[in-house]
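In UniProt numbering, the protein residues as written are 1 to 232.
Mixed in with the good hints there might be a few duds.
Said to hold, decoys possible - Here are the simulated distance ranges between beta carbons: (1) Thr-181 x Leu-1: 31 to 37 Å; (2) Asp-32 x Asp-6: 36 to 42 Å; (3) Glu-135 x His-8: 37 to 43 Å; (4) Asp-42 x Leu-1: 34 to 40 Å; (5) Arg-156 x Asp-90: 33 to 39 Å; (6) Ala-176 x Pro-27: 35 to 41 Å.
Simulated from the structure, these hints should not be mistaken for lab results.
From a predicted model like this one, the values you see are computed outputs, not experimental measurements.
We put the beta carbon where it would ideally sit given N, CA and C, even for glycine.
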Amino acid sequence: LELNHDQHDKWFLHIDTFDPHEPWDPPKWYADLYDPDWKGGDVPGIAYVNTLKESPSEPRMMSTSRKSELSDDEMNHIRALYAGEVTLVDRWVGKLLQKIGDLGLLENTMVIFTTDHGSYHGEHDYLHKRAHLYEEVAHIPLLMRLPDEMGDIRGRCNALVQPPDLMPTILDFAGAKIPETIQGESLSPIIRREKNQVREVTISSQSFLRGFLSLQASSRLTVLNLLLIIKQ
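Full structure from sequences and hints, please.
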């Protein structure tokens, strides 16, 4: 960002934080923020029991995906590990936002923070992202920081949106042409308070891979956390 931000009038930066994806294994001091007294060692269900190197043709599997197979202390520690990873991501995204400000780019830079699915932490007796489409995995965060030049537009919107809507939204704000064949809708009318919604329904689905149930929350992206930045 420091080396390239002034090389072009318009630029796009995509950052994949990966975390807080499994395996939930943050640096120890992040986990200690939430469970400093943990002495139980490794907990089942936080890491894959097989790897792509060991079994490249098989889906990666967890040792357990059920809360009922864990003790209360183990479940609390899993939540602490996840919270540690969220805190790690929050810290470094904060550093990036600070750098954007230090470089004087906030006036015409749009920041989007989102994900492709949520995760169970004991709700409905589940762990991870597997199985049924409860709200914990299907209702994902979508945060936007708009350019300062757009004025003081802020607040929370309850409109139904999907990940495919991000592409036309970014193109719209960048002043680029939106292809007629795409499935998404620009969220600009909602953001500018011109409309209350751009769609009446959203769709989430499950898929099966070689007999294994997998989750697809809205549109399955390749990473858990995305940070998208565009300069107009």
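Against the structure, the hints come out as follows:
Taking 31 to 37 Å as the suggested C-beta distance range, the pair Thr-181 and Leu-1 conforms, at roughly 32 Å. Here the CB-CB span from Asp-32 to Asp-6 is close to 41 Å, well matched to the stated 36 to 42 Å. Checking the proposed 37 to 43 Å range against Glu-135 and His-8 shows it holds: the Cβ atoms sit about 40 Å from each other. Range check, Asp-42 to Leu-1: about 37 Å between beta-carbon atoms, so the 34 to 40 Å window is met.
Take Arg-156 and Asp-90: their Cβ atoms lie about 19 Å apart, and the range 33 to 39 Å is violated. Checked against the hint of 35 to 41 Å, the C-beta distance between Ala-176 and Pro-27 comes to roughly 40 Å, which is consistent with it.
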